[in-house]
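Dock chain B against chain A, hints included.
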Amino acid sequence: MDNSIVISTPPHVKSKRTTKNIMIDVLIALLPAAVMGIVYFRLNAFVIELTAVLAAVATEFVYFFIKNKGFSKQAGEVCKKWWKQFDYTSAVTGLILALILPSTVKWYEVLIGAIFSIALVKMVFGGTGKNLVNPAATGRIFMFLSFSLTAFTACAIKPISADSQLFTGATHLSGWLLETENPAGQMSWLDLFLGTGVAGSIGETCKAALLLGYIYLVVRKVIKWWQPLLFIVVACFLSVCFAAMGSKTFDIKLFLDYMLSGGLLFAAIFMATDYVTSPKGVYGQIVYYVALGVLTALLRYLTKIEVVSFVIMIMNLLVPLIDTYIVRKPFGYKKVKKQKEGK
Amino acid sequence: MKAIKGKPFFAGIHVHDKKSLACRQKTEIMPSPEYVYISLSQSLGKPAVCIVEKGQKVKEGEMIAKADGAISSNVFASLSGVVIDVKQMVGANGNTETYIVIEGDGTEEKSYLPRLKDPSAEEIKDRIRDCGIVGLGGAGFPAAVKVAPRTPVDTLVLNGAECEPYLTCDHRLMLERDEEIARGARYIAKALGVEKIIIGIEANKPDCIARFEKYDDIQPVILKKQYPMGSEKHLIYVTTGRKVGIGKLPADSGVVVQNVATAFAVCEAVELGKPLYDRVLTVSGEGITHPKNLWVRVGTCVKDIVAYCGGEKLQPKKVIQGGPMTGLALSTYEVYTHKTTSGVLLLSEKEAAAEEPTPCLNCGMCADVCPMHLMPMQTAFYSAAGDFDTAAKLGNTLACIECGACEYTCPAKRPLIQAIRKTKSYMHKKVVRVSSPKPVDQKGRSAPTVPLTEDGKIAVKPVEEKLDESVKKSENELENTAVKEKTEAVKEEAKKEEK
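Going down the list, the sequences are from chains A and B. Under our numbering, the final residue of the first sequence carries the number 343; numbering is consecutive throughout. Under our numbering, the final residue of the second sequence carries the number 1499; numbering is consecutive throughout.
If we strip away everything but chain B, and leave its shape as in the complex, we get:
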């Protein structure tokens, strides 16, 4: 279908995208690494449960960890070899995650699921769940949950915006594997029972738009080159004209959004039976010798990826996993890719912003560019003073999508996203505190409230402290009584002597 222009939307920023560094590099398959460290936390929600043992031989594509609950995803071996360790390590984001370490044996034995021919909607849904497919755009929401919405939907929107600067992996994938993406989109549409498929592509990728004009059942929509056009809510507004309410899911507006890379993974899962254990990621930035788009197995060490791309060209100022607007800054190369890792960027000193913040000018530029029409400066101001309630109220912080447009544009270089995250975490904790039911004892009387942790579990530490305190107290009392007794005894003796 002929491409149409999206609805205008006036907010957001125009970033110098630097996509030219890597957008002409064809995707390459990175040779198998010697080891892979596969995290069990590959998606939003609960981490998967390990089902292999140390010393067990696994094949490529074999399930090594099973999803735990609805919002969780299966994890697969990305290398054929031997499980040499299952251990806890601190990941790039600072959380402790369980990793399964597999040493490759050089063979490329594969263990795939059977191929499906003319699958039914149920079969596709099962396959998406079994293959552990998650949203590959960055958030990593399990795709199986998305294809089973609670409310009726009528449109599938494919996200090919790739509005993050530097990243070109979706661009290359759309150019090279457009047929698979189209087929994958049809499978997802069939699973959802919808007819209408829209693909949103930013205007800086005219070659991709032309590629998708040849399909009769897919409507390409040209998005303005503007960050954050790939944000789910804004993509839906621009392509369909519907607004997703705050705190609502896209499915509530009758739309399901999937990334193009997810559609590709669904196509492979259905047609080849291949579980999700590799993906395309972009290696870019001024600091890398050869910017590339690579097929990388999940769990590959970032060090190996950098070495394969020719190493550092110049001393990087920042190393980022993911995109520059929302990704994680790394402190070491000893971290391992996840299903959701869309890039590894080595930014030079010129590119990376590492300036000291100066006083806020109240210029309001952050409010002008905020795609959610919020007031980030209010949040920053009040949270700095520790008044998180006012910060959340005046800044409408809980509606924030953390796109980073405000901080990008801030002339005073204020750490706005940091303030927003701090406020959000405080408010979420507060919600837990308020909403959790009061504990009741066996007779139905309300028991004394116990402080709760973030997860809603009873905090252990304060209880221990309390115990310690009570022990100390009793000890003190004992000592006191002992002293008293002694003094009394002494007095009595003195009295006796007087007599």
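Just chain A, same shape as in the assembly:
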């Protein structure tokens, strides 16, 4: 027995799953949506995706490099160290950010957004696992507020007048929320499902691709099957109820319309389920996803714009509170009954 032996506390065997391969799984699950985005929005989408991913990874690298004093020490060692701890989380953030942007965004806007997401939302809080809010959602909000006049009209309020013929109309959801058009008449469910002829964000249009990603994540046990479903069902059902309040007719068919339009599916599958910013316990998770659904339906009804990223950010901020107060009781726990005083 020589010095190569390792001594540690039990357990001495561990599962093969690591942070790295979870993140690779998420990237694989995002792949269909990314590819379909390129198919529908051509070069624009490709440029945005590439810029976002590269900018995100590069930002993380630069932050790490400066923090570990890469300029004073040997730079090669710091680079090696970075590669050793690189877990693809920044790549995932970059890709998600790209997929929730409209294809009309300029590449330099994406660059700024990606740098903001990684540097200011994630790295300054301590890097992987320490960020308070979802970096991609926050990055999108940042871009929405900063560049809204130029680009975000597409997925926000006004119909865009882009040069491509593909999206000459309003995004389905925004037009519909403003009641300028009758959704059922304009788009068939199949169109919405496949994303053909639908205006919207790069990764959010093709729901079939998202469904593939969802199935992959569930099979690989990265997410629990009920988590996105809970969010979607609550949000859509409440939206139907709100619609019924306005028109006085309860139309359950609208359920599918709500589900298949906007960024709800994408956000529910890939953004709300982000490990870092969602609750840890089972009961906390149920509360979180139901609250997400309720808030989405409510804010969509009240503000008439696509609000999912805002909702996710708001709920992210409540997660520490949920984790502290909504905790499962230990196995075998018995409630201590207060003894009633006999009269």
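To be clear, the hints were calculated from the coordinates, so they are not data collected in a lab. This one's a predicted model, so the numbers in the text were calculated from it and none came from an experiment. Treat the hints with care, as some may be off.
Simulated crosslink set (DSSO-like; lysine-lysine; CA at most 27 Å straight-line) [stated by the list, open to error]:
#  : chain 1 : residue 1 : chain 2 : residue 2
1  : B       : LYS1007   : A       : LYS334
2  : B       : LYS1248   : A       : LYS224
3  : B       : LYS1248   : B       : LYS1007
4  : B       : LYS1393   : A       : LYS329
5  : A       : LYS334    : B       : LYS1430
6  : B       : LYS1430   : A       : LYS221
7  : A       : LYS334    : B       : LYS1274
8  : B       : LYS1350   : A       : LYS84
9  : B       : LYS1413   : A       : LYS81
10 : A       : LYS20     : B       : LYS1350
11 : B       : LYS1224   : A       : LYS224
12 : A       : LYS80     : B       : LYS1430
13 : A       : LYS16     : B       : LYS1019
14 : A       : LYS130    : B       : LYS1225
15 : A       : LYS130    : B       : LYS1413
16 : B       : LYS1274   : B       : LYS1110
17 : B       : LYS1413   : A       : LYS67
18 : A       : LYS224    : B       : LYS1019
19 : A       : LYS224    : B       : LYS1413
20 : A       : LYS329    : B       : LYS1350
21 : A       : LYS221    : B       : LYS1225
22 : A       : LYS329    : B       : LYS1424
23 : B       : LYS1413   : A       : LYS334
24 : A       : LYS334    : B       : LYS1243
25 : B       : LYS1393   : B       : LYS1350
26 : B       : LYS1274   : B       : LYS1054
27 : A       : LYS329    : B       : LYS1429
28 : B       : LYS1429   : A       : LYS221
Coordinates of chain B only, in the frame set by chain A:
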């Protein structure tokens, strides 16, 4: 009785069990070693008190150390020969233990207790105590305490789950000695005065389940193949549907759990009068040449066991005493088996997890698999910051059974069990500090509190330090006064000269 399925329980992990390495190896009796080093700390509680002297001749099965108090167990010579030394050594767990060293003389003279025929409940209880039987599942709780519960019990559950990966010693024992186990279980049931005997066996051992279906008075229950099904609380829940409260004993729920190996030892103690000085243990792992299930005497050196199994096949990354989920990692082969040692595993680099931890992702997988429904990540987070009170409160750490499921499943490879143990030890110390009565002096006034050690004894070191400090202080004062006197004297002289 026909086997039934246990109650479903949704938590825990599915480990690749690697039992196929050793489960077909029939048990072998390992030849007597030249020396045995028998520790006096063979069970939970106080170590036994040595009753032999250096140079004394002992026979196999002779008592060499007597139990000290209720929670303690007798220790027996596992080899006939001469006691050549009684010395203090550091054991595998890092504690200093007293060892009795016996050199074998080649004869196999035995000294057993008389056999019992149709024993009464009291006789069985006495025999279990006299033979130094402890729980052989791993914790090593003295069996004599378990068979004399304070609250009425109605069920005996035999633990044949063996949910730890790699270990196959209970599996082989159930296959080869099922009749003895059944008889031993009946003796324990008689001592307890219960009728109902249940044996819980994991579904990956269908041969054992079939073996126990032939007894009319024993109910086999099939457990899901899931770690940790052999944990006492979960075994009770799955087999009987009762929940054991936190900080409560199984007997409070009317159940007593014994390992199958313990039942076998009870049978031998009653029928042959043989004290507990040997047991079956599994030698396994990719690193060993011939995985085996061996009858090994208590106090055998791990080095001898490894050598008997053909030595190392490849350089092991980790050597473990016990199971891979809860066992001890060894730094040297120069350690000696105890009554509770259930295995010696040589894990190759591929099997052993020795990866560097990465930042916690807050994924909550540890909470999902925790069989006690705790929040291990909270404990790890707050204990890392030194805030053990919050760690224990949010993570419910004191209810933890340290099964290791959380750390097994953690994708960031965080050292969760280490954090939990740290928090637990802090909280236990705190309990000692709070609960110990304030010292009172002769007149009834409360004396100044003295810092206590873990055992509740008065800490010696701080007092010495205090003494040192006071001595130094007084020395300083003396010096100061001396200097002052000198200066004053000088001044006075100067005054005189002026005059």
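Evaluation of the provided hints:
Simply put, LYS1007 of chain B and LYS334 of chain A have alpha-carbon atoms about 20 Å apart, close enough for the 27 Å limit, and the pair holds. Straight-line distance between C-alpha atoms of LYS1248 of chain B and LYS224 of chain A comes to about 34 Å, which puts the hinted pair past the 27 Å bound. About 21 Å separates the Cα atoms of LYS1248 of chain B and LYS1007 of chain B, which keeps this hinted pair within 27 Å; it holds. About 12 Å separates the Cα atoms of LYS1393 of chain B and LYS329 of chain A, which keeps this hinted pair within 27 Å; it holds.
Using a Cα cut-off of 27 Å, the hinted pair LYS334 of chain A and LYS1430 of chain B holds, with the two alpha carbons roughly 24 Å apart. Straight-line distance between C-alpha atoms of LYS1430 of chain B and LYS221 of chain A comes to about 40 Å, which puts the hinted pair past the 27 Å bound. For the proposed pair LYS334 of chain A and LYS1274 of chain B, the alpha carbon gap of about 43 Å is over 27 Å, so the pair is violated. About 19 Å separates the Cα atoms of LYS1350 of chain B and LYS84 of chain A, which keeps this hinted pair within 27 Å; it holds.
For the given pair, LYS1413 of chain B sits about 18 Å from LYS81 of chain A by alpha-carbon distance, which is consistent with the 27 Å threshold. Of the pairs offered as hints, the one joining LYS20 of chain A and LYS1350 of chain B holds, with about 18 Å between alpha carbons and a cut-off of 27 Å not exceeded. Straight-line distance between C-alpha atoms of LYS1224 of chain B and LYS224 of chain A comes to about 22 Å, which keeps the hinted pair within the 27 Å bound. Between LYS80 of chain A and LYS1430 of chain B the CA atoms are separated by roughly 44 Å; this puts the pair beyond 27 Å, and the hint is violated.
Proximity of LYS16 of chain A to LYS1019 of chain B is assessed by CA-CA distance (about 18 Å); at most 27 Å being required, the pair is judged to hold. Taken as a hint, the LYS130 of chain A and LYS1225 of chain B pair is broken in the structure, with Cα atoms around 36 Å apart against an allowance of 27 Å. About 16 Å separates the Cα atoms of LYS130 of chain A and LYS1413 of chain B, which keeps this hinted pair within 27 Å; it holds. The straight-line distance between the Cα atoms of LYS1274 of chain B and LYS1110 of chain B is roughly 9 Å, inside the 27 Å bound, and the hint therefore holds.
With a CA separation close to 24 Å, the supplied pair LYS1413 of chain B and LYS67 of chain A stays within the 27 Å bound. Annotation: proposed proximity of LYS224 of chain A to LYS1019 of chain B is violated, straight-line Cα distance about 30 Å (limit 27 Å). Between LYS224 of chain A and LYS1413 of chain B, the direct Cα distance comes to roughly 21 Å. Compliance with the 27 Å bound is thereby established for this hinted pair. The straight-line distance between the Cα atoms of LYS329 of chain A and LYS1350 of chain B is roughly 37 Å, outside the 27 Å bound, and the hint therefore fails.
A distance of roughly 19 Å separates the Cα atoms of LYS221 of chain A and LYS1225 of chain B; the hinted pair therefore holds under the 27 Å criterion. Between LYS329 of chain A and LYS1424 of chain B, the direct Cα distance comes to roughly 18 Å. Compliance with the 27 Å bound is thereby established for this hinted pair. At roughly 32 Å between alpha-carbon atoms, LYS1413 of chain B and LYS334 of chain A are farther apart than 27 Å, so this suggested pair is violated. A hinted pair counts as satisfied when its Cα atoms are at most 27 Å apart, and LYS334 of chain A with LYS1243 of chain B qualifies at roughly 9 Å.
About 37 Å separates the Cα atoms of LYS1393 of chain B and LYS1350 of chain B, which puts this hinted pair outside 27 Å; it is violated. For a cut-off of 27 Å, the pair hint linking LYS1274 of chain B to LYS1054 of chain B stands: about 24 Å separates their Cα positions. Simply put, LYS329 of chain A and LYS1429 of chain B have alpha-carbon atoms about 25 Å apart, close enough for the 27 Å limit, and the pair holds. Proposed proximity of LYS1429 of chain B and LYS221 of chain A is contradicted: the alpha carbons are some 40 Å apart, above 27 Å.
Figure legend: structure checked against the earlier numbered hints; hints not met, in rising order: 2, 6, 7, 12, 14, 18, 20, 23, 25 and 28.
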